[in-house]
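Same order as they appear, the protein sequences are chains A and B.
Under this note's numbering, the first residue of the first sequence carries the number -5, and numbering increases by one thereafter.
Under this note's numbering, the first residue of the second sequence carries the number -5, and numbering increases by one thereafter.
Simulated from the structure, these hints should not be mistaken for lab results.
Some hints could be false.
Note: identical chains are not told apart, hence a pair may lie in one copy or across any two.
Claimed, not checked - Straight-line Cα separation of at most 25 angstroms, PhoX-like style, residue types lysine-lysine; simulated pairs:
(1) Lys289 <-> Lys37
(2) Lys294 <-> Lys76
(3) Lys76 <-> Lys289
(4) Lys76 <-> Lys223
(5) Lys294 <-> Lys354
(6) Lys76 <-> Lys357
(7) Lys199 <-> Lys354
(8) Lys228 <-> Lys357
(9) Lys206 <-> Lys223
(10) Lys168 <-> Lys199
(11) Lys294 <-> Lys155
(12) Lys239 <-> Lys228
(13) Lys181 <-> Lys289
(14) Lys357 <-> Lys181
(15) Lys239 <-> Lys155
(16) Lys294 <-> Lys199
(17) Lys165 <-> Lys346
(18) Lys228 <-> Lys175
(19) Lys199 <-> Lys165
Number of protein chains: 2
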Amino acid sequence: MGSFFERITEDPETGARAGILHTNHGDVETPIFMPVGTQGTVKTQSPQELLDNRVQIILGNAYHLYLRPGGELIRNAGGLHKFMSWEQAILTDSGGYQVFSMSDLRRLSSEGVRFQSHVDGSQHLFTPENVTDIQRDLGPDIMMVLDECTPYPCSFEYAQKSHELTIEWAKRSKDRFGNTKALFGYKQFQFGINQGSTYLDLRFKNLEELLKLEFDGYAIGGLAVGEPKSELYKIAGLVASQMPKDKPRYLMGVGKPEDLVEVIALGIDMFDCVMPTRNARNGTVFTWGGRMVIKNASYKSDFRPIDPNCTCTTCRNFSRAYIRHLFSVGEVLALRLATAHNIHFYMELVQKARQAILEKHYKAFKEAFYSDYKVIETESYSKPIKRRK
Amino acid sequence: MGSFFERITEDPETGARAGILHTNHGDVETPIFMPVGTQGTVKTQSPQELLDNRVQIILGNAYHLYLRPGGELIRNAGGLHKFMSWEQAILTDSGGYQVFSMSDLRRLSSEGVRFQSHVDGSQHLFTPENVTDIQRDLGPDIMMVLDECTPYPCSFEYAQKSHELTIEWAKRSKDRFGNTKALFGYKQFQFGINQGSTYLDLRFKNLEELLKLEFDGYAIGGLAVGEPKSELYKIAGLVASQMPKDKPRYLMGVGKPEDLVEVIALGIDMFDCVMPTRNARNGTVFTWGGRMVIKNASYKSDFRPIDPNCTCTTCRNFSRAYIRHLFSVGEVLALRLATAHNIHFYMELVQKARQAILEKHYKAFKEAFYSDYKVIETESYSKPIKRRK
């Protein structure tokens, strides 16, 4: 294989790009959405169902997998792919975001971050080095460096200090990555993470330092943590515009269907979000017309599929009335059918976006999307970050 | 198609029989185990997964489906097969057992049984007639008559009175069945249910009356409600021996793998039980060597499949360590993988039993089963029946 990231084309009217990530677990066609598989499973789905919905890469979490079942166990299993029986690509998050959003009593120092497990309250230390080691054990195709994810709002002083720490950690992560080897006979790549809160000058300075370290790809972190949507788009767009064209760009934790359509236009290649899977379990499904709360009583006797034009297994076999019944009596199959549909929708969305980019009419695709899709401002997928203690 | 039930062969050394139930939703090869799909879904499984595990007929519950989503809704959906997207055969229980085991404040009269819904406390009346009508709405291939399921232990007087009521109801059920038609263009069959508690004379008298009504098949009810295993086998065997050879025999609510092996030898053709599905969700799986509590810590680092010789999807793709991890972190996929394996095991068990009957060495099969399978007396699958008020 040639380079890791192959740029195929750019849309002439927007910043949208189409490309391919070449991994030893298959090619990943960008722009790509990565379903979240926090604990070694994309909630409610089997690996075969993910494949059936044309999922090409999933996201795992070093934080959760380190706590349960542990990096050593997954190493002994032959890596996360083998452990969970998933033969396509995997990216693991470093655990930075989880430490800052989930665990109590964390203590930052230049060494790393001490935190209490959200499971049993036990004490742990994440350092740039051991988080790299953990991700060697897990064996994802792509690993992320340890970073500090800043809260919103965030003072300039806090953001400045955090930026410095994040850069120091990025250097140490890169060093450890360079001094260790992949354990399972296939190549691993490492991404740096841009921070700097909503301060553009800090974001740029942070990126400049990151670029010197020459990571395999660059992520934008610290967004979708409560800031206004306009800020998210502005920062993501400006930061992405300063990133090298020949490296993949990953916007972490984003987002709603309309967000994907927006940030693809800004030149983002990769994203992940719990929204399609978590909303499904809460009884909300996505269609090209907008969101549907499928568990609502209005669907009680509605024998049409969720989306009559959808080709997913759920829509080919089951009615709104049946899925609504399953939700109202608390059956697991409800969660499965809604999740499969939402993943199918997200994958179809990025695949259609990619096709539009290849045909060089992404702007028209975006306009067509908005003409059909009813955007509703509802609960956010952003999660406030706990403040530094 | 010829007759509903086709007898193929009998084992020369035991009472075991092999046959076929011909339904408009496919042939059902007996002896057959029917997984329980109480609320229009076999818990955690998709219809495709049931097919993959060679399930030929499932059991639905008129009681649950009448309460939610209601018979009318399922009739409007085109019947239960269409509603749940299951194209093989379905048998529905009359709701008699559920009224007596689940609902409070039930009042028996010769008219029928008044009961409170376990869902919302609302008042309902089941009569032999409306339960037949509900099962016309649901559209199973096989429906059961309304009966009274006696508790254990049960006085002779109680059992005598209950027998009389059950026979009266059976007559009225048969009449209603004869005066109504199948709604969806395929044939429905109706089974009578033998009662009489543990009093053999009552059981025989009850059966004699039932046989006069000429049902399409005969079930043995009121067992597996707390009586000793020896009583269950004795009564099932003696009652089955008095049943016509050319009609299918169904032992309701049984059982563990070893029970299936026993009652097949007694000439039983059909059975259902929540055990494979419910135990799976509690973390217990079945193998030819016996039960395994897969969520136990002893499987933490065990990378073998549940059963290395098993050909089910779970065993072909996932390790004990992975399934144990999924259980310990509370992931839905744990329930799915364990359930699929257990259904596969139960289906393989009855299919191997049938093959042994066809080859006329069922006794040797049964002995071989016991030489491998470690029987453990653990929690019972029987459910005590609430006493008449």
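Hint check:
In this assembly of identical chains, the alpha carbons of Lys289 and Lys37 lie at most 25 angstroms apart whether taken from the same copy (19 angstroms) or from different copies (18 angstroms). Taking the shortest alpha-carbon separations for Lys294 and Lys76, only the inter-copy value of 15 angstroms comes in at or below 25 angstroms, while the best intra-copy value is 41 angstroms. Only between protomers do Lys76 and Lys289 lie at most 25 angstroms apart by alpha-carbon distance; the minimum there is 20 angstroms, versus 36 angstroms within a single protomer. In this assembly of identical chains, Lys76 and Lys223 lie within 25 angstroms of each other by CA distance neither inside one copy nor across copies; the values are 38 angstroms within and 44 angstroms between.
In this assembly of identical chains, Lys294 and Lys354 lie within 25 angstroms of each other by CA distance neither inside one copy nor across copies; the values are 43 angstroms within and 51 angstroms between. With identical chains, the CA atoms of Lys76 and Lys357 are never at most 25 angstroms apart, being 40 angstroms at best within one copy and 42 angstroms at best between copies. Neither within a single protomer nor between protomers do Lys199 and Lys354 lie at most 25 angstroms apart by alpha-carbon distance, with minima of 33 angstroms and 82 angstroms respectively. For the homomeric pair Lys228 and Lys357, the shortest alpha-carbon distance inside one copy (18 angstroms) is at most 25 angstroms, but the shortest distance between copies (77 angstroms) is not.
In this assembly of identical chains, Lys206 and Lys223 lie within 25 angstroms of each other by CA distance neither inside one copy nor across copies; the values are 30 angstroms within and 75 angstroms between. In the homo-oligomer, the alpha carbons of Lys168 and Lys199 lie at most 25 angstroms apart inside one protomer (18 angstroms), although the nearest pairing across protomers, at 84 angstroms, exceeds that limit. Taking the shortest alpha-carbon separations for Lys294 and Lys155, neither the intra-copy value of 54 angstroms nor the inter-copy value of 42 angstroms comes in at or below 25 angstroms. In this homomeric assembly, Lys239 and Lys228 come within 25 angstroms of each other (Cα to Cα) only inside a single copy, at 19 angstroms, whereas the closest approach across copies is 79 angstroms.
Proximity of Lys181 and Lys289 under a CA criterion of 25 angstroms is satisfied in neither setting, with 44 angstroms inside one chain copy and 33 angstroms between copies. Taking the shortest alpha-carbon separations for Lys357 and Lys181, neither the intra-copy value of 36 angstroms nor the inter-copy value of 57 angstroms comes in at or below 25 angstroms. In the homo-oligomer, the alpha carbons of Lys239 and Lys155 never lie at most 25 angstroms apart, since the shortest distance is 29 angstroms inside one protomer and 85 angstroms across protomers. For a Cα distance limit of 25 angstroms, the shortest separation of Lys294 from Lys199 qualifies neither inside one copy, at 55 angstroms, nor across copies, at 46 angstroms.
With identical chains, the CA atoms of Lys165 and Lys346 are never at most 25 angstroms apart, being 38 angstroms at best within one copy and 62 angstroms at best between copies. Neither within a single protomer nor between protomers do Lys228 and Lys175 lie at most 25 angstroms apart by alpha-carbon distance, with minima of 38 angstroms and 67 angstroms respectively. Taking the closest pair of Cα atoms, Lys199 and Lys165 come within 25 angstroms of each other only inside a single copy of the chain (15 angstroms); across copies the shortest separation is 87 angstroms, beyond that limit.
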